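K.L.:
The lines below spell out each chain.
There are 2 protein chains.
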Amino acid sequence: MAIDQVKALTFDVFGTVVDWRTTVIREGRALGEAKGLTVDWEAFADAWRGGYGPSMNRVRTGELPWTKIDDLHRTILDVLLEKFEITGLSEEEKVHFNRVWHRLDPWADSVGGLLRLKSRFVIATLSNGDVALLTNMAKHAGLPWDCVLSAELARHYKPDPEAYRTTAGLLGVEPDEVMMVAAHPGDLNASAKVGFKTAYVDRPLERPGREKGLVAEGDFDFVAKDFHDLADQLEC
Amino acid sequence: MAIDQVKALTFDVFGTVVDWRTTVIREGRALGEAKGLTVDWEAFADAWRGGYGPSMNRVRTGELPWTKIDDLHRTILDVLLEKFEITGLSEEEKVHFNRVWHRLDPWADSVGGLLRLKSRFVIATLSNGDVALLTNMAKHAGLPWDCVLSAELARHYKPDPEAYRTTAGLLGVEPDEVMMVAAHPGDLNASAKVGFKTAYVDRPLERPGREKGLVAEGDFDFVAKDFHDLADQLEC
Chain A
0 MAIDQVKALT FDVFGTVVDW RTTVIREGRA LGEAKGLTVD WEAFADAWRG
50 GYGPSMNRVR TGELPWTKID DLHRTILDVL LEKFEITGLS EEEKVHFNRV
100 WHRLDPWADS VGGLLRLKSR FVIATLSNGD VALLTNMAKH AGLPWDCVLS
150 AELARHYKPD PEAYRTTAGL LGVEPDEVMM VAAHPGDLNA SAKVGFKTAY
200 VDRPLERPGR EKGLVAEGDF DFVAKDFHDL ADQLEC
Chain B
0 MAIDQVKALT FDVFGTVVDW RTTVIREGRA LGEAKGLTVD WEAFADAWRG
50 GYGPSMNRVR TGELPWTKID DLHRTILDVL LEKFEITGLS EEEKVHFNRV
100 WHRLDPWADS VGGLLRLKSR FVIATLSNGD VALLTNMAKH AGLPWDCVLS
150 AELARHYKPD PEAYRTTAGL LGVEPDEVMM VAAHPGDLNA SAKVGFKTAY
200 VDRPLERPGR EKGLVAEGDF DFVAKDFHDL ADQLEC
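For the record, the sequence lines run as chains A and B. Residue numbers for the first sequence follow numbering that gives the first Met the number 0, so the first one is 0 and each next one is one higher. Residue numbers for the second sequence follow numbering that gives the first Met the number 0, so the first one is 0 and each next one is one higher.
FYI, nobody ran anything at the bench for these hints, they're computed from the structure. Keep in mind that a hint or two might mislead.
The list makes no distinction among identical chains, and a pair is therefore deemed to hold if it is satisfied within one copy or across any two copies.
The list that follows gives simulated cross-link-like pairs (lysine-lysine, PhoX-like), each with its CA atoms no further than 20 Å apart [to be verified]:
(1) K224 - K34
(2) K117 - K192
(3) K82 - K192
(4) K67 - K224
(5) K82 - K67
(6) K93 - K34
(7) K6 - K138
(8) K224 - K117
What you are looking at is a predicted structure, and each value in this text was computed from that prediction instead of being measured.
One chain only, chain A, in its complex shape (with noise of 0.2 Å):
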């Protein structure tokens, strides 16, 4: 692979820089016992982050308008909290709760990471959080990002073709000048299929029942076990 070719990598967030299972069930947890209640805060956040996949579809699909995920989040964050019957929450704690995901924790190796990296390359998000979101987690877990990019900047959510190429061109590079960075063969392979390279990070600890070595070597431009490891490969 003609790794001189690339100037940027664009990185897939939750999941791949972000450890939100961890974040939301300790927060979970926190508000519980604030409130006395018995949730089963590990299925909840589950359930939330499964709701998110559907969610953006309606978008893509067409069926909703432009939504930014804030309120993705909050629509199935009320279904939620009808189903695991947690009440007694105001409104300004459901906002509150609801920007946990704004708070996410890093995976102990991103930072580093990310610092290695960004010493040889442009280093920009793309993910479907949007662009506050985005800032206000970088904020949060120290992300050393040079820029800030979203899904929002093309009102296409990944892996619509147009959240790639907007990317791009915001980045002011040809595609094949880019190199995606995620733990989801899906999103790889969508920016490929638009001309990007690809980067797959093994994240084990995303989910319960995630394998190990998801993808085999050769799936993608470069298979990693983390940052660190990308960055060693790179040469960073």
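Add chain B to chain A, keeping to what the hints say.
P.N.:
Just chain B now, with coordinates in the frame of chain A:
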């Protein structure tokens, strides 16, 4: 002024954060020496910058479709190369020189002041430079933006109101939760019209003939000597 309400600071960049004139003159001189040219690079830099506003106005009035700053700069450059009788540049050299606007140096207080301001506020660009230019500049100059926003994302150059409104929307805040920071009263006044707070920063060295203390205390919500003075006033 209710500064507690302000969540984000948005910055004009050319002249406010970076010293375009000194950098363009320096790179011009180096190019002239390499090519054996005698050119008044100070006049050249001023003419290049002088062509910028009128070029953007052609976009703002609809005479031109949306055009990136790189392309506007190149159109002006081509005219000036002829006017200043600068010959013998390859296309590659012209492209490189045109991108001097991606390589501008910061004012001495910019990086240190931004780091202080960043401790309390989201700090973002709100420039007529495009996202790629601003991203490359931040990498060159070490500017620690939380996110890189641009008139490009609204496809409306400042001082069109859409540029300010789109930026507040992308930051996920109301216009009156944003403060525009600029060395140019017109930019601040346009932002105030859509509800932004305003902070004027004096940059008497931006260009010859620019007077010190162009505005008076009270003309804007804050009037500062430089970014450290602004950080002092904002208790960062």
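K.L.:
Each hint: holds or not?
P.N.:
Comparing the hints with the structure gives:
no., hint, in the structure
1, K224 - K34, "neither (39 Å within a copy, 49 Å between copies)"
2, K117 - K192, "neither (25 Å within a copy, 38 Å between copies)"
3, K82 - K192, "neither (39 Å within a copy, 46 Å between copies)"
4, K67 - K224, "neither (32 Å within a copy, 39 Å between copies)"
5, K82 - K67, "neither (23 Å within a copy, 50 Å between copies)"
6, K93 - K34, "within (13 Å within a copy, 65 Å between copies)"
7, K6 - K138, "between (24 Å within a copy, 13 Å between copies)"
8, K224 - K117, "within (18 Å within a copy, 33 Å between copies)"
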